[in-house]
Amino acid sequence: MITQIWQWLTAPEQWSGSRGIPTRLLEHLGFSALSLLLAAAIAIPVGLWVGHTGRGRSVVTIANAARAVPSLGLLFAVAMFVGPRITSNLAFVIPSVVVLVLLAIPPLLSGADAGVRSVDPAVRDAAYGMGMTGREVLWRVELPCALPLLLSGVRAATLQVIATATIAAAVSLGGLGRYLIDGLAVSDYAQMAGGAILVAALALALDGLLALAQRLLVSPGLATRPSQRRHGKFPRARGVAGGRGRVLAPAALTTHGRDLT
Amino acid sequence: MTWVWEHLGDIGGYAVSHALLAGIPLLVGLALALPLGWLARRFPRVAPVIVGGSGLLYTIPSLALFILMPLLLGSRILDSINVYVAMTIYTVALLVRSVVDALGSVPEATALAATSMGYRRVGRALAVELPLAVPVLASGLRVAAVSNVSIVSVASLIGYPQLGYYLTDGYQRSFPLEIGVGIVGCVLLALVFDLAIRGAEWALTPWARAAASSSAAGSRYSAIARRWRNTSTRQSEGVGAR
Chain A
1 MITQIWQWLT APEQWSGSRG IPTRLLEHLG FSALSLLLAA AIAIPVGLWV
51 GHTGRGRSVV TIANAARAVP SLGLLFAVAM FVGPRITSNL AFVIPSVVVL
101 VLLAIPPLLS GADAGVRSVD PAVRDAAYGM GMTGREVLWR VELPCALPLL
151 LSGVRAATLQ VIATATIAAA VSLGGLGRYL IDGLAVSDYA QMAGGAILVA
201 ALALALDGLL ALAQRLLVSP GLATRPSQRR HGKFPRARGV AGGRGRVLAP
251 AALTTHGRDL T
Chain B
1001 MTWVWEHLGD IGGYAVSHAL LAGIPLLVGL ALALPLGWLA RRFPRVAPVI
1051 VGGSGLLYTI PSLALFILMP LLLGSRILDS INVYVAMTIY TVALLVRSVV
1101 DALGSVPEAT ALAATSMGYR RVGRALAVEL PLAVPVLASG LRVAAVSNVS
1151 IVSVASLIGY PQLGYYLTDG YQRSFPLEIG VGIVGCVLLA LVFDLAIRGA
1201 EWALTPWARA AASSSAAGSR YSAIARRWRN TSTRQSEGVG AR
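Residue numbers (this note's numbering), protein chains in the order written: chain A, 1 to 261; chain B, 1001 to 1242.
Only chain A is shown next, with the shape it has when bound in the complex (with noise of 0.2 Å):
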């Protein structure tokens, strides 16, 4: 089963032409960096502007609560209800589009909410003492040492819409989905297999490659994991003195580095 799989792994034909892993995997990457944007510009700013005020945060519990809508459901209801709508070639892309930043949209959300109220209120009480004015906390206090949770939120929703986009395909989608569904559809197991390790493959490079951007992202200040600090080997003062020099600011006003994670 093994050399089977590995055949179609490495049979040319699969590396080539519109149905080729190539082509697959870009449609796959397309449809998922398009649903992440557009969620982000929906999410992010709200999270941000519920955590900064404490207002609104009921639409961080609905869209907590909305997880519990299982996936395929919306994906095949909204495919039902939006696509018959659209007489474009688009018909199968908005659909699947629509449940991608949908599904998004709630991990992102109370990644920048739970964030903001993360941060110490010491160091935003220091921010407002220092003269900073709302906004100025916000962009250059706030968001800094919000970014540890914010970032999660951007690793949980991409790993939701990878995993979504894979689903999608049953209801004729591209990308890398198609091989899952079409060799089930065959029964050709090789075809699903081989699909299916390119899927996973794709998500752990996809989780790495974040997990290495919030580490360069993310103040060293407030990097610190728990356990390395209960050792010591990571002294408070590293976040002031020895750091990337970043985000300075709220480094140098975190005087007790919180955990975060």
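A hint or two may mislead.
Far from chain B by the CB rule (all over 10 Å, computed), these chain A residues [to be verified]:
| id | residue |
| --- | --- |
| 1 | Val-69 |
| 2 | Asp-125 |
| 3 | Ile-162 |
| 4 | Val-199 |
| 5 | Asp-207 |
Between beta-carbon pairs, the in silico distance windows are [claimed, not checked]:
| id | chain 1 | residue 1 | chain 2 | residue 2 | range |
| --- | --- | --- | --- | --- | --- |
| 6 | B | Ile-1024 | A | Arg-85 | 33 to 43 Å |
| 7 | A | Trp-139 | B | Pro-1107 | 49 to 59 Å |
| 8 | A | Arg-85 | B | Ala-1031 | 22 to 32 Å |
| 9 | B | Ala-1113 | A | Phe-81 | 54 to 64 Å |
| 10 | B | Pro-1161 | A | Asp-125 | 35 to 45 Å |
| 11 | A | Leu-25 | B | Ala-1109 | 51 to 61 Å |
| 12 | B | Ala-1109 | A | Leu-38 | 47 to 57 Å |
| 13 | A | Thr-3 | B | Ala-1200 | 31 to 41 Å |
| 14 | B | Leu-1204 | A | Ser-16 | 52 to 62 Å |
Here's a subset of chain A near chain B, in silico, CB distances under 7 Å, partners left out [as the list claims (entries may be wrong)]:
| id | residue |
| --- | --- |
| 15 | Val-59 |
| 16 | Ala-63 |
| 17 | Leu-72 |
| 18 | Leu-159 |
| 19 | Thr-166 |
| 20 | Ala-170 |
| 21 | Ala-193 |
| 22 | Ala-203 |
| 23 | Ala-205 |
None of these hints come from the bench; they were simulated from the model. For each residue, glycine too, the CB sits at the ideal point set by N, CA and C.
Fit chain B to the supplied structure of chain A, relying on the hints for placement.
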């Protein structure tokens, strides 16, 4: 709506198998995650491997994992064991992190007091730390339960019978009511799991209620209880659910 009444028996049957496919892995996963999380706390050196490694498993999309299961288990593609094992993997992936956080929420003073009362390491973990870790653990379990109920429905694409069947069948027949039944069924089932875990948490944490009710004498305890609640709220709003 008559369709729903006519098929009430089938719906009930599918709901039961859905509950089993989501619930049994939840219990098995918890049983596996507890010792793993305890090990991660006990040996901080291996903690990144245990927590990070189990977290990686959650990144694998569900449909891909269901399809790859026969390859790993040597089972047939339509064996329900594939779904049980895949769901157990997801549960462990979510819960190991929760167990580590939950054990971390036990105040150090309490653990030290237990040691000085003569508890050995394992006895202390089971008799003192585990009961006190229940609130944080329960919130992690609730996230995993909702996630499991949603992911199990994906298995209907491969043909395992459960509530997800109404989603795929309703789509193929262009029958909105049937999809509605599938969605509402899944949401209700997730709600049942959520309430059951809340109930179990309530039954297992009489000390939390005692701390909340004795207001005058218990100000110190209620401070601890508040800290617990904060940790568990943060957990339940955690961004890990898929």
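Please name the hints from earlier in the document that this structure breaks, with their numbers sorted from lowest to highest.
Of the numbered hints, 1, 3, 4, 5, 7, 8, 10, 13, 15, 16, 23 do not hold.
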